[in-house]
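A.B. asks: In case you want the letters, here they are:
There are 2 protein chains.
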Amino acid sequence: MDEFMKAALDEARQGFEEGGVPIGSVLVHQGRILGRGRNQRVQKGSAVLHGEMSALEHAGRLPAEVYRACTLYTTLSPCPMCSGAIELYGIKHVVIGENTTFMGAESALEAKGVRLEVLNDPECMHLMARFIETRPDIWFEDIGEEGGTPQR
Amino acid sequence: MDEFMKAALDEARQGFEEGGVPIGSVLVHQGRILGRGRNQRVQKGSAVLHGEMSALEHAGRLPAEVYRACTLYTTLSPCPMCSGAIELYGIKHVVIGENTTFMGAESALEAKGVRLEVLNDPECMHLMARFIETRPDIWFEDIGEEGGTPQR
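From first to last, the protein sequence lines are chains A and B.
Residue 152 is where the first sequence ends in the UniProt record's numbering, and the numbering goes up by one at each step.
Residue 152 is where the second sequence ends in the UniProt record's numbering, and the numbering goes up by one at each step.
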């Protein structure tokens, strides 16, 4: 695992320790991390800050040419929202920790010409599997599926 | 224009007055606004809080069955990111103020079975046209196109 996926996994682990959905992400440009983050559903009550969105938000406002030279690292296959953000900003390369616990919109990204690398890293898988087993309600909520946390 | 598009347009107008990208949105469930917001690129330096994303974020954590009974109102055709969020949460009905100044991922949404209503409202169009004319750099940045605001 390279240093960038390790950074994304560190974010995911911090999320797990906080009781949150353990998905982390970093946005990398020319060998430098511009933004990093983790899913903030539990921590901030956020419906939009998935791991990838948190990394994009942390990176702040960037011109199109920077995004187009970036690689996005994420510990889990990106959902339709995060895939849409990747498409919006023209990010051309995405490294995915694993896609066994959840398969995101990978085919849509590939159809747009995004290069995907799927590592299926055991640590990324293990972290998600543990979370889904212990808090399936929060996980279903996070991916918009029935069985999610009841409305408070 | 019904009360919900009016509320979305009010958000967009507030955004314009703040010097921001004038796109507003409201999330409506059973005749009640659950969340409302406007593009926060300028105001909060946000790369992810488009109008629709702001409305979803303001609504907070919701179970899948609520999203599926919601209508999202937005003053402008939703970009790939916002369309991905609509897909993620299974929102089935989207009312769009206009799609003449920008055409979002409407065909992708329709392919997913989302019902779209496009009003092509003159006030929504006028607000966007004025903004694009005065700040094309911010607008290009907001949709990930070359010619956007240079990196600070």
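Some clues are possibly wrong.
Put simply, identical chains are the same to the list, so a pair is met inside one copy or across any two.
Claimed, not checked - Under the rule of at most 16 Å between Cα atoms (straight-line distance), these lysine to aspartate or glutamate pairs were calculated in the EDC-like manner:
hint : residue 1 : residue 2
1    : LYS44     : GLU117
2    : LYS6      : GLU117
3    : LYS44     : GLU17
4    : LYS92     : ASP10
5    : LYS44     : ASP10
6    : LYS44     : GLU106
7    : LYS92     : GLU117
8    : LYS6      : ASP137
9    : LYS92     : GLU146
10   : LYS92     : GLU145
11   : LYS92     : GLU106
12   : LYS112    : GLU123
13   : LYS6      : ASP121
14   : LYS92     : GLU110
Quick caveat, the hints were computed from the structure, so don't treat them as lab data.
A.B. asks: Compare the structure with each hint and give your call.
C.D. replies: Structure-based check of each hint:
| no. | hint | result |
| --- | --- | --- |
| 1 | LYS44 - GLU117 | neither (30 Å within a copy, 33 Å between copies) |
| 2 | LYS6 - GLU117 | within (15 Å within a copy, 44 Å between copies) |
| 3 | LYS44 - GLU17 | within (15 Å within a copy, 28 Å between copies) |
| 4 | LYS92 - ASP10 | neither (23 Å within a copy, 36 Å between copies) |
| 5 | LYS44 - ASP10 | neither (19 Å within a copy, 27 Å between copies) |
| 6 | LYS44 - GLU106 | neither (27 Å within a copy, 30 Å between copies) |
| 7 | LYS92 - GLU117 | within (11 Å within a copy, 32 Å between copies) |
| 8 | LYS6 - ASP137 | neither (27 Å within a copy, 35 Å between copies) |
| 9 | LYS92 - GLU146 | between (32 Å within a copy, 15 Å between copies) |
| 10 | LYS92 - GLU145 | between (28 Å within a copy, 14 Å between copies) |
| 11 | LYS92 - GLU106 | within (13 Å within a copy, 22 Å between copies) |
| 12 | LYS112 - GLU123 | neither (29 Å within a copy, 33 Å between copies) |
| 13 | LYS6 - ASP121 | within (11 Å within a copy, 48 Å between copies) |
| 14 | LYS92 - GLU110 | within (10 Å within a copy, 25 Å between copies) |
Comparing the model with each numbered hint stated earlier shows that hints 1, 4, 5, 6, 8 and 12 do not hold.
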